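J.: Given next are the chains, with one letter for each unit.
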Amino acid sequence: MGFFLTIVVLVAALALAWRYLGSYMAAVFEGRVHWMAWVERPLYRLLGTSPEHEQSWKRYAGALLVFSAVTVLFTYLVLRLQGSLPLNPQHLGGLSPALSWNTAVSFVTNTNWQNYGGETALSYLSQMTLVVQQFLSPAVGIAVAIALVRGLSRRKAATVGNFWVDVTRCLLYILLPIAFLAGIVYVAQGGVQTLAGPVHIHDMLNGVTQTIARGPIAFMTSIEQLGTNGGGFLNANAAAAFENPTGLTNLLDIFLLLCIPFSLTYTFGKMVGSRRQGAALLAAMVLIFGVWVGFTSYAEHQPNPAVAAAGLRHQPTGNMEGKEVRIGDTSTALFGVASTQTSTGSADASYDSFNPIGGFGLLSGIMLGEETPGGTGSGLYTMLLFAVIAVFIGGLMIGRTPEYLGKKIQAREVKLAGFAILIMPITVLVLTALAVSVHAGRVGPLNGGPHGFSEILYAFTSQANNNGSAFAGLSGNTAFYNTLGGLAMLIGRFAIMVPVLALAGSLGEKEVVPTGLGTFRTDNAMFVGLVIGSIILVGALTFFPAVSLGPIVEQLSHGRFFG
Amino acid sequence: MIQHLRRSLILMVACFVVFGLLYALAGTGVAQALFPHQANGSLTANGSTLIGQNWASTRWFHGRPDDFGPYAANPKKGISGGDNPLVANGVSGESGATNLGPRSKVLVSDTRWLIHWWHEHGVDPTTDLVTTSGSGYDPDISPESAYVQIPMISKATGLSPEVLRKVIASQVHGAELGFLGSSYVNVLRLNEALSAAEHAAR
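Going down the list, the protein sequences come from chains A and B.
Using this note's numbering, read the first sequence as starting at 1 and increasing by one per residue.
Using this note's numbering, read the second sequence as starting at 1 and increasing by one per residue.
Derived by calculation from the structure, the hints in this document are not laboratory data.
Bear in mind that the values here come from a model prediction, so they are computed numbers and not experimental data.
Please note that the accuracy of each hint is not assured.
[Stated by the list, open to error] Some, not all, of what chain B presents toward chain A, calculated at C-beta under 7 Å:
1. Pro139
2. Tyr147
3. Ala169
4. Ser182
5. Ser195
6. Ala196
[Stated by the list, open to error] Stretch by stretch, here's where chain A covers chain B in the computed footprint (C-beta under 8 Å, at least three residues):
7. 29-43
8. 53-64
9. 154-164
No residue lacks a Cβ here, since even glycine has one placed at the ideal position from N, Cα and C.
Take these sequences, add in the hints, and give me the full structure.
T.: Written as structure tokens, this is what we have:
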């Protein structure tokens with residue numbers, strides 16, 4: 001009953017966000033919002049640019065790549081040199097080169113894969129530098145999505161927008177105000193926000209002295225979720241009560257990480273002049289998301305097989321291994337699905353200890369490519385890639401040149417979309433195969449048997465999709481996993497963004513074909529079905545063999561346990 | 001290219017100042033002004049109500065076991081002490097779960113030891129008392145997990161089961177807004193209430 005009400009409240013809140021945040025975001029990117037002009041204008045002057053100076057897709061992509069390289073380098077240097085930098089009350093030393101590389105790439109690509117434990121490895125200054133990337137990386141993702149939407153909505157246009165302007169507007173008008181307000185709510189509920197360093201307390205009852213790590217946690221949590229970043233201050237992420245103190249903050253986490261990705265479909269509809277087109281993409285997202293929430297939370301409401309085998313007589317609650325009492329089994333599963341089907345990857349439990357089908361729900365959710373609803377921006381553009389594939393398949397069936405929103409989808413567009421969709425599964429499968437064939441990869445997993453394989457598969461799936469969650473038993477802080485993981489994250493980010501921008505450029509140059517009787521409609525149930533079919537088909541065809549060796553075998557091996 | 005580089009550097013530095021420094025400082029200022037108790041870690045005289053701790057003696061209610069293994073009192077592992085040997089959530093030990101999978105032999109044997117430990121103390125354990133949490137220091141247990149510990153606590157403290165039931169009932173916290181998450185008992189608050197009840201009985 002409680003879980004049902006949680007879902008109802010979440011759906012109602014997201015529906016409001018879809019309508020109002022969605023149309024607000026459209027206004028922001030169309031340059032109709034000005035309440036922060038006092039910061040915006042001087043910044044443009046400093047940058048030497050303005051909203052009137054639009055860029056071709058090539059210049060837009062160039063600016064994005066150079067900016068990302070600069071931010072990776074900056075973050076890398078701060079992490080390497082943190083020992084000699086200020087705001088380091090615990091006197092922590094710099095990170096190793098491989099770990100600094102992995103972490104810098106991880107935060108710039110919106111992945112937030114963490115091969116370190118925040119409270120024992122990073123200074124406050126390093127954490128704050130990562131927070132900067134937690135603002136920038138979603139802004140960059142949304143900018144790319146908006147460029148693609150412009151490509152679809154403009155006719156015979158040589159430009160797709162101005163990268164610097166899009167990023168600035170997203171930061172000032174969307175991310176900053178929402179993150180700041182949400183941060184206050186986290187603190188009110190018990191979130192920690194201090195720069196005073198750890199505290200030592202002697203418990204008179206118990207005779208124990210505790211050293212409790214603290215820090216500016218709550219305001220990092222809000223942007224961590226809102227920007228679908230997922231990297232928290234503490235190693236335990238949202239399972240730690242300092243970051244996620246109550247059932248209410250757990251729901252707030254889920255709402256924040258879903259609100260922008262879902263609402264961007266409204267923004268899209270509004271910018272292309274047809275809200276029905278946005279609603280169709282939303283429907284495809286919601287249907288897949290709903291099914292995954294259903295079976296994953298059902299699986300986690302079942303007893304844990306190992307705990308049952310140990311002889312616990314009654315387990316009235318579900319699988320509580322690795323979960324927190326104040327959150328409960330089903331709400332944890334809901335959090336997990338929301339976090340893995342966006343590119344967030346934050347965790348309010350140990351995903352590694354989920355039941356086999358629960359773990360499958362998380363892993364397969366990432367494998368679908370993160371567009372249901374996906375990350376901030378990346379979700380919308382990935383969904384639009386699938387829309388292009390869906391109209392292409394529809395066009396093949398009826399033997400006619402396909403169109404999407406009046407734009408002819410020709411060989412170049414299909415090649416770009418196909419490349420951008422297939423590069424992720426190729427990266428995941430090749431790197432997983434490599435890791436299981438060499439010693440440096442095989443020593444990683446904590447668990448034996450099929451679950452050990454799942455830990456490796458999950459690691460590369462998560463990084464190549466810029467998710468960042470983990471089956472955390474894997475010892476990922478080795479030169480092998482840090483280096484390959486960094487590579488997977490770069491491919492998963494930029495080998496998709498660049499073709500998406502090329503697609504934006506190529507679509508923008510085209511004339512709009514008037515709608516006729518023979519036009520294939522892209523705002524009805526048939527199209528929604530075709531999009532869902534394309535997503536499931538690509539995911540199943542590419543990943544079924546790998547998943548069979550992991551969670552599926554694990555589910556089927558009743559009564560067997562592995563060392 | 002040079003123009004991109006120049007703009008990248010300017011934006012990076014501007015963002016570092018705004019989102020790295022000012023954001024954290026303004027957030028800390030507002031948090032400390034409005035909710036100082038929460039912002040500093042919900043501290044009481046005996047610890048933080050958000051950090052589970054090591055309740056060594058059987059005269060205190062026990063929280064959930066942590067990732068250092070079953071109750072550490074496990075003679076096989078040669079560790080003495082109570083349920084949560086975690087000294088801290090930072091510095092000397094970071095937060096985190098066991099990450100043992102649902103078909104792990106280690107999880108089966110660890111759980112067996114926990115069940116055995118509870119049975120030795122006359123307690124029929126619930127799920128949360130034999131499973132580790134996501135953070136390694138879950139501050140709470142379910143109300144049932146507190147009630148089943150009454151035989152152990154009663155024997156060690158001499159307080160009657162009726163008194164202990166009242167102490168627990170006074171500490172049960174419902175689900176947030178009645179439906180979000182689960183109902184729970186905070187172990188630190190429960191033991192503070194237990195200590196007060198002992199003083200009253202004397």
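J.: Tell me if B/Ala169 is really an interface residue toward chain A, meaning its C-beta lies closer than 7 Å to one of theirs.
T.: Given a least distance of 17 Å, the restraint on B/Ala169 is violated.
J.: Please verify that hint: B/Ser182, Cβ, nearest Cβ of chain A, below 7 Å or not.
T.: At 4 Å from the nearest chain A Cβ, B/Ser182 passes the 7 Å test, so the hint holds.
J.: The hint names B/Tyr147 as touching chain A; please verify it with the least Cβ-Cβ distance against 7 Å.
T.: violated (13 Å)
J.: Does the segment 154-164 of chain B contain three or more residues whose Cβ lies closer than 8 Å to a Cβ of chain A?
T.: violated (count 0)
J.: Quick one, is the B/Pro139 hint okay against chain A at 7 Å, beta carbons?
T.: holds (6 Å)
J.: May I ask you to test the interface hint for B/Ser195 with respect to chain A, counting a Cβ-Cβ separation under 7 Å as satisfied?
T.: holds (6 Å)
J.: How does the segment 29-43 of chain B fare against chain A when you require at least three residues with a CB closer than 8 Å, holds or violated?
T.: holds (count 11)
J.: Min Cβ distance, B/Ala196 to chain A: is it shorter than 7 Å?
T.: violated (11 Å)
J.: Closer than 8 Å Cβ to Cβ for three or more residues is the test here. Does the segment 53-64 of chain B pass it with chain A?
T.: holds (count 7)
Hints 2, 3, 6, 9 from the list above are not met by this structure, while the remaining hints are.
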